[in-house]
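Colleague: Quick mapping for you: the protein sequence lines, in order, are chains A and B. Counting with the numbering used here, you get residues 1 to 481 for the letters of the first sequence. Counting with the numbering used here, you get residues 482 to 985 for the letters of the second sequence.
Hint data in this document are derived by calculation from the structure and do not stem from the laboratory. Some clues are possibly wrong.
What the hints assert, rightly or not - Derived DSS-like pairs (lysine-lysine); straight-line CA-CA distance at most 27 angstroms:
(1) B:648 with A:363
(2) B:590 with A:363
(3) A:161 with A:105
(4) B:897 with B:782
(5) A:161 with A:352
(6) A:367 with B:782
(7) B:782 with B:590
(8) A:367 with B:590
(9) A:367 with A:352
(10) B:782 with B:648
(11) B:590 with B:648
(12) A:105 with A:352
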Amino acid sequence: MNFEIPDFLPAVPEMFVLGAACLILVIDAFLPDSRRDITYGLVQATLVVAAGLTLWLAGPEVVHTFSNSFVSDPMSDILKVAVYVTSFLVFLYARPYLMERGINKGEFYVLGLFAVLGMMIMISGHNLLTLYLGLELLSLASYALVAFWRDNTRATEAAMKYFVLGALASGLLLYGMSMIYGMTGSLDIAVIATQLTAADETLNVPLVFGLVFLVVAIAFKLGAVPFHMWVPDVYDGAPTAVTLFIATAPKIAAFAFLMRLLVEGMGPMHADWQGMLIILTVLSLAVGNVIAIAQTSIKRMLAYSTIAHIGFLFMGILAGTESGYASAMFYVIVYAVTAAGGFGMIVFLSRKGFEADRIDDFKGLAKRNPWFAFIMLLLLFSMAGVPPTVGFYAKLAVIQAAVGAGLVWLGVVAVIFSIIGAFYYLRVVKVMFFDEPEGSAEPVKPSGALATALSINGLAVLLLGIFPGLLLSLTHYAIMG
Amino acid sequence: MFADWPILSLLIWLPILGGFLVLAAGRDAPHVARRLGLAVAVATFVASLPLWFLFERGTAEMQFQELASWIPAFNVNYHLGVDGISMPLILLTTLITVVVVVAAWESVKDRIAYYMAAMLVMEGLMIGMFAAMDAVLFYVFFEAMLIPMFLVIGIWGGPRRVYATLKFFLYTFLGSVFMLIALIYMYIESGSFLIQDFHALQLGMTAQILIFLAFFAAFAVKIPMFPVHTWLPDAHVEAPTGGSVILAAIMLKIGGYGFLRFSLPITPDASAVLDTLMIVLSLIAVVYIGLVALIQSDMKKLIAYSSIAHMGFVTLGFFLAFYIYRNTGDWEGASLGIAGGMVQMISHGFISAAMFLAVGVLYDRLHSRQIADYGGVVNTMPWFAAFFVLFAMANTGLPGTSGFVGEFMVILAAFKADFWIAFLAATTLILAAGYTLWLVKRVIFGAVANDNVASLTDMNRREFFLMGLLAFFTLLLGVWPAPLLDVMNATIDHLVAHIAQSKL
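Bound-form chain B, shown alone:
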């Protein structure tokens, strides 16, 4: 019965309108703003659950479709739908938003109603972006979410917030306008803005390469890939905890989603030609950025670099497809790499959210993110230490946690492509272990470093709940990834079958 409901529209507009309601009702009443914000976030999460349960596995068709005419002059439609790639990301978004809203409960003191409103509006926009089947609709959501994020970093951020938020905005804007040109070009070629019509569009090699580069500009900045990653550490360091969580857990995934939704299926031949470049850049992200993470003295910056390295795995998984096919002539391994990248994205959503929350927990208490200011936290915050170690392990890819599944699949796929790619990719296991465990050693273990640390109090119920929730999903996905893979399989197989066809 739910299948006919406009669930996707509800998921988009409930948080957006709810956000404005929070603003209207909670401007002078922080308590109202918090409670109302939580109510909207939870309601949206609950409303997103039918997507998971009613989703038809085994088909690559777009589901829960909604279609309404929007801009008839350009043949642009309000066309929504989800498949196995976007549906899990939407659920991740609704879940993480609940986490972010709860995390802001006490840590955001200034203008809480605006903060809640910005987060909720952003949630709606991100869901809209994942659900859009029309390219203009996609672009509108893709750009519009920059505005709340720009404000969140700029208003509630750290000392260099203005620099960081301008850099964030301009970088992303720079990337996306080239995508806009590519979308317009394809509209003129195909007469439609429907993304699936773009998939079917025949394009010559030059056009494909240019379009690929335009999409690359948009998504490589977003995910981010080396060498256009430099906005991310700045944005993360300056953003408030909630902003960092949204940024790491969801916004980075938009880049990965974009590669799967646009780059691979629209320009398969260009992707096949340029895959070496993509693989090399991914490996640089894995190895070089991993090394950079090692020397960070700021916890948030360390986790930000670790995010870039993990996202390198995602792009590696996606673009191995063609390499594997060239080497083995079989598309089986290609699916493995792409599925691995997807799992890695979802898993990173939980783990990075948890890591940033953990830093936020410490920051709320001591107002420092410097590793040197901590040491021996386990003595005063045992529960916190337990969670921190768990998520650190997940971040290094320990079997049994979600971090392992995706990395393992991608490395497995890499072996089918080339031993040396697999070898370099696998160094991440060592590097990630290096920087993460060294972080744990310096912050958590050892003797109590100073009086500040001695005065720390352990997590309260609210923080415990958040950590517990994320730990649950990290472990669940780690020991039982099958349901997630079930959801994605048909779509990924369809995608691989599609990119196997040359468009030339």
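With the rest of the complex left out, here is chain A:
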């Protein structure tokens, strides 16, 4: 048996983040509570350097390493950068929230960094086990993050739900992977794909059996209906700073995970998983958009809206065309940026002892602070998919992919539910602009980096909408080369 020294270069960002996370963990242990800013600064610096490394190593070629269990391609480069950017924003938004509540612990940032590492491995995994390890690293860090405000009973309850259901989903995933492994004899994504192409009809039943478990596990992790029950409870129960995190960057990684498993690995079985995704799509669109209307908590509303967005994401993928995958990738990046802004706005309005998580807490925001009401308006219209915000192009792209694949009816279903969706986004706009502020609501004073970053985030949604060409071209380049 000959042993080759693998090419470490493509994995340098991962190794750097791992090393930095361990180092920061040690440094943080020696810091007094008053110096947590150092931890924060180091984590953000790690993200910036990792982004630099990823961009430096980025290239058009597809590089496999570690015995084909790791891949670096244009898609992974772009998605990783998107993960760094959203995580950077999330940590930035989260810090004032944590400080006001006296929970600005180093663990938050270090766990966050480990979650980022998990996402990077999910994005670059090219082997069932690598992918699974990445997913578990992300999941475990996320469970701990949700539970991390330990004095808060709702957060603890949410963490329990998240953990139990997440563990169940991981079990399903492993079971499905074992079936696939059993039938194809390999864990390597590329080998699985070739085996499947060559597979004869008799193997089909056990393969589909395994595929079902894979799809169910992915649907669990992404929160697609009917595997969505944990989403509203966890989003609502977790501290907003954590909701902000789990609702954004992990979706980007989950997209990559889906691409590696279903498209690259199980691609030859497209006809089989397309039908499953169609069901998930229609249900997610319907349940997400309709139930969101009944919510009074904005966090729960955004949770259901996320479910609906996952439906749109699936729509791009199930089309089964390269432009469909590119559209879905565009969709997920746009979603992450918009959702970061939306949850960031809740963080921005909240104070110690006031979570600003009811829709009514946004009443009269246009009078209390017109600028941030405008920013929230842009974010909401982007989620609703109204031009000129970037959310429109995301919907345009995925609907186009579905129609291009001959699924015109699915496009019609999607737009009908997006009208229903528009209603609850509009309701928040209505509350902000048409209602009077409640009681003694004083003007909102913008302060610090949070306000600046939030403004940039909101304007980015508008500017990307006026000039969507670049990002769309990037995602097309990522998928098609």
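Assemble the complex: chain A is given as a structure, and chain B must be docked to it using the hints.
Modeller: Just chain B now, with coordinates in the frame of chain A:
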């Protein structure tokens, strides 16, 4: 020399950027907001004049074209251009915006800078929509203008403004998303989002009918046609005066424009098959909505219903084309109907704007729109009464006013199609006279009804200017419509020649 300038881009972006400038500079200084808003609106109007003077008559080509790559991944371009259909509508937009900005001078007291900004941004978006040659660009402008309008009705509107503005937004959104699907479908068929490529696209009958219905959902809501008109009275009643003026004078025209730009040329065969439906719906709008207008007790609602009835004339004119061809085998009359519809749209832009302004003038003084609260206004406001009667006459289609020209052309075309269609269409002359003149009788004439009316003061210089401006255009178009028809003729002839070709 101007012909090479990017006039259309200027017309789109000047008011949009100007609107944000007003917001930035005028937030705490209402005077600055008003003056700056007016300056931007006037500058845009002046900048739009070259379109009229440099427009090449006698060709159906798109003029003043601009082309830049926008979203290469989907082959979407920033492609602008105007023809004889869109150019007059752009001029109408720039003119009406000046009117709206001036009208808001004193009547809008709360957050004037935001109001001005919303109106100016909306102007830019509407011009962009009329000038777009690319379907995605069109759709972006078409949808984006909902946002400022949603805010205008919701912030400055009446007591039921939230209901009205949500209804307005959701109705329009509902219609337009189906259009989006149709546009995407045609992109996949043709590989391009250029509207002219859609015109040339060969489509089967089923596809045409579905596409036609998708466009119908978008434009019938917008124009609005019976039975999807119910958002309009609510929106009009609750909207502030300026919002009503924009809504009636320009936004409704977008529906008509859409039929001409998309439905007829892209799906001529489906239009020919479904024209009976369209004609019937148009006649219902003319007759039934005319009757509904008769019983209104709220002035704005009455004018809103009258708008729907007048828009019924527009769609009638457009869709008579195929009927006439079937009956007479000649496309001459078809051009007449379409041209009539176009004239009616422009004319209605002036008249409805003036009518809503007139209600606004009264509302600013007595804060009531109920007809019953008025009576004998002529005694205290003679100038106002004179203008009101003039516009009421124009609304009924009195010869010499612009209202007559369009209606006459459409009725003439209807005669070529079928006597009974013409007969029913002509009842509008009676019904419009009925509801409008009865309104005049109850509000303007008679003895002074109450102390409030007795305390009214006549129009100030600003209001006089607005009314005078609109009266000038109403009369000009009424006695001398030839320049407008000149501009449109080549484009309409081209359109008719195009729809005469079956795509099957």
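Colleague: Of the numbered hints stated earlier in the document, which are not met by this structure?
Modeller: 4 and 6
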